[in-house]
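All chains should be modelled from the sequences, with the hints used to inform the complete structure.
Chains as they are written, first to last, in the working numbering: chain A, 120 to 392; chain B, 18 to 354.
Simulated from the structure, these hints should not be mistaken for lab results.
All C-beta atoms, glycine included, are put in the ideal place defined by N, C-alpha and C.
Treat the hints with care, as some may be off.
Stretch-level coverage of chain A by chain B, calculated; a stretch enters the list once three of its residues show a Cβ under 8 Å from a Cβ in chain B [what the hints assert, rightly or not]:
id: 1; stretch: 139–152
id: 2; stretch: 185–193
id: 3; stretch: 265–278
Under the rule of at most 27 Å between Cα atoms (straight-line distance), these lysine-lysine pairs were calculated in the BS3-like manner [as the list claims (entries may be wrong)]:
id: 4; chain 1: B; residue 1: Lys276; chain 2: B; residue 2: Lys74
id: 5; chain 1: B; residue 1: Lys244; chain 2: B; residue 2: Lys150
id: 6; chain 1: B; residue 1: Lys150; chain 2: B; residue 2: Lys160
id: 7; chain 1: A; residue 1: Lys253; chain 2: B; residue 2: Lys275
id: 8; chain 1: B; residue 1: Lys275; chain 2: B; residue 2: Lys74
id: 9; chain 1: A; residue 1: Lys253; chain 2: B; residue 2: Lys150
The chain contents come next:
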Amino acid sequence: MARFQRSALPGFTPALGITLTWVSLIVLLPLASLALRPWSLGLEGVWHAISEPRVAAALRLSFGAALLAAAVNVPLGLLTAWVMVRYRFPGRDLADSLIDMPLALPTAVAGIALTALFAPNGWIGALLTPLGIKVAYTPLGVLIALIFVGLPFMVRTLEPVLMDLPLESEEAAATLGATRGQTLRRVVLPALAPALLAGFGAALARGVGEYGSVIFIAGNMPMRSEIAPLLIVIRLEQLDYAGAAALALVMLLVSFGLLLLLNIMQARMRRRP
Amino acid sequence: MKPPSLPRRAVLGAALGIAALTRPATAATALLNVSYDPTRELYRDINPVFAAAWRAKTGDTITISQSHGGSGAQARSVAEGLQADVVTLALAPDIDALARRGLIAPDWQQRLPHNATPYTSTIVFVARRGNPKGIRDWADLLKPGVAVITPNPKTSGGARWNFLAAAAWAMRQPGATEASTEAFMRALFRQVPVLDTGARGATNSFAQRGLGDVLLAWENEAWLARKQFAADGHEIVYPSVSVLAEPPVSVVDSVADKKGTRAAAQAYLEFLYTPEAQDIAGKHYYRPRDPAVAARFAERYPALTMASIQDFGGWDSAQAKYFADGGMFDRIFTPGK
Chain A
120 MARFQRSALP
130 GFTPALGITL
140 TWVSLIVLLP
150 LASLALRPWS
160 LGLEGVWHAI
170 SEPRVAAALR
180 LSFGAALLAA
190 AVNVPLGLLT
200 AWVMVRYRFP
210 GRDLADSLID
220 MPLALPTAVA
230 GIALTALFAP
240 NGWIGALLTP
250 LGIKVAYTPL
260 GVLIALIFVG
270 LPFMVRTLEP
280 VLMDLPLESE
290 EAAATLGATR
300 GQTLRRVVLP
310 ALAPALLAGF
320 GAALARGVGE
330 YGSVIFIAGN
340 MPMRSEIAPL
350 LIVIRLEQLD
360 YAGAAALALV
370 MLLVSFGLLL
380 LLNIMQARMR
390 RRP
Chain B
18 MKPPSLPRRA
28 VLGAALGIAA
38 LTRPATAATA
48 LLNVSYDPTR
58 ELYRDINPVF
68 AAAWRAKTGD
78 TITISQSHGG
88 SGAQARSVAE
98 GLQADVVTLA
108 LAPDIDALAR
118 RGLIAPDWQQ
128 RLPHNATPYT
138 STIVFVARRG
148 NPKGIRDWAD
158 LLKPGVAVIT
168 PNPKTSGGAR
178 WNFLAAAAWA
188 MRQPGATEAS
198 TEAFMRALFR
208 QVPVLDTGAR
218 GATNSFAQRG
228 LGDVLLAWEN
238 EAWLARKQFA
248 ADGHEIVYPS
258 VSVLAEPPVS
268 VVDSVADKKG
278 TRAAAQAYLE
288 FLYTPEAQDI
298 AGKHYYRPRD
308 PAVAARFAER
318 YPALTMASIQ
328 DFGGWDSAQA
338 KYFADGGMFD
348 RIFTPGK
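In structure tokens:
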């Protein structure tokens, strides 16, 4: 007991115990079983399962589209959050609830709705097809679906930070002769940067693992529009559990690496004044 | 205020339902039939007829529940513990996978007539109204600008039959070799814009999203789609060569023995071969095995050359050659090989 510094709040030990047990049961145990699963194939088998060109193409698409979608959501989400926090307008409450819809909607419903919209005979698809732009059943469709599911993560991460951002600091910048652009660049954005990164990370994580909404719009062509989670499902349906777990493990490691990197960057930014 | 009274018939029905559930286990049997996607309507019609026949014969009540989905996914559910008394799947390898796990006896395909396949089907083309691209046979699918819709053979049983039908045609061309067959399959899949995971998904892409010029489909699924989307005037085209698709059935031994339902499960599958059930299969656009029943539907089913799975050396060899990791399907998507 003496090792821990006594906290003013009671119940530290039971709280820590419960947290550790809970995290182990809910997060670590399934992850550990996943990490152990592929090795029944042997080292060579695992390498074979993850080194096929089709796997590489799927991983590239999944992570590429998720990164790009999260990047698109940075300005988009910032703008949306800014409008929601700083302005009062009729229908604001309605718009506010609409932002959460991609979270609440079953992902399959979102996927089918997006596909219906962007298919060559859909409302938007019918306008784009004569221009030679194909969205549904291409990697572009994957990107659109991931932007859709990622937006609420960005907005909801930014909103509280924007609310706490004192209007006074912007006014102070203005009185000190900063232009609007300078205020935004030098005062507002640095304050928001950690939250932007956090939102980016959340949207990215969601995008990498997204299955339901993407599967309908992706086209699922090997080497071209096939996402990594679909490859996992395909392997499961062939009762190739170890092969599926090998691929899942790769996704897990890459995701973990990316999120760790984002967390480190965030911590660095917070430390800087 | 007096609460609204329940309609008498509903009360009676509920009482009967509860009575049926609480009757001694020897007299009331419940079977679960785990099947693939397009058989939904077929078994919905067959089940009550079998239940009536079973009651007439044994005096016992029987209820049959159905579960449907992609054939591979359904097999996986059973492998993972879904308590299916019988499986009626799209292709033999899915049942073989259960046999390999010890859930079903290895000789399951010899236990019932006709390779344990009570009805068959084949693979046909569905073209748009008036067949504007003039699609008559497999070679027409490679014409520039023709988009072909077929699901992913890795996940869909129907798609594997599609693949084999195309390969069967390519192998029968004059001077055909392994290499020319693979070249044809590569060219064919270059015309495919979307790979849905199941047969129903592909039908929806074609009929509802207006995608593609031709759909490769189960014959029964093609006729069903034509009926359902009658206003679209889809045309069914029979290619010169197709494949004899055999969706097999089996009792799941481990489950039937544990639940003590073997007799009923066995009788249920044998019932599929009776003229009564064969007639229902015919009505749902499956090809009946019973020659007398098949003759009645002859008009509906044009004769065509059908390769059988034996022409591919059986499923084990076809699976390894075409669909396993690194097989032909994987190769035709790998650039530079």
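Hint check:
1. 139–152: Check failed, 0 qualifying residues.
2. 185–193: This one is violated; 0 residues, fewer than the three required, reach chain B with a Cβ under 8 Å.
3. 265–278: violated (count 0)
4. Lys276(B) / Lys74(B): 21 Å, holds
5. Lys244(B) / Lys150(B): 22 Å, holds
6. Lys150(B) / Lys160(B): 9 Å, holds
7. Lys253(A) / Lys275(B): 54 Å, violated
8. Lys275(B) / Lys74(B): 24 Å, holds
9. Lys253(A) / Lys150(B): 22 Å, holds
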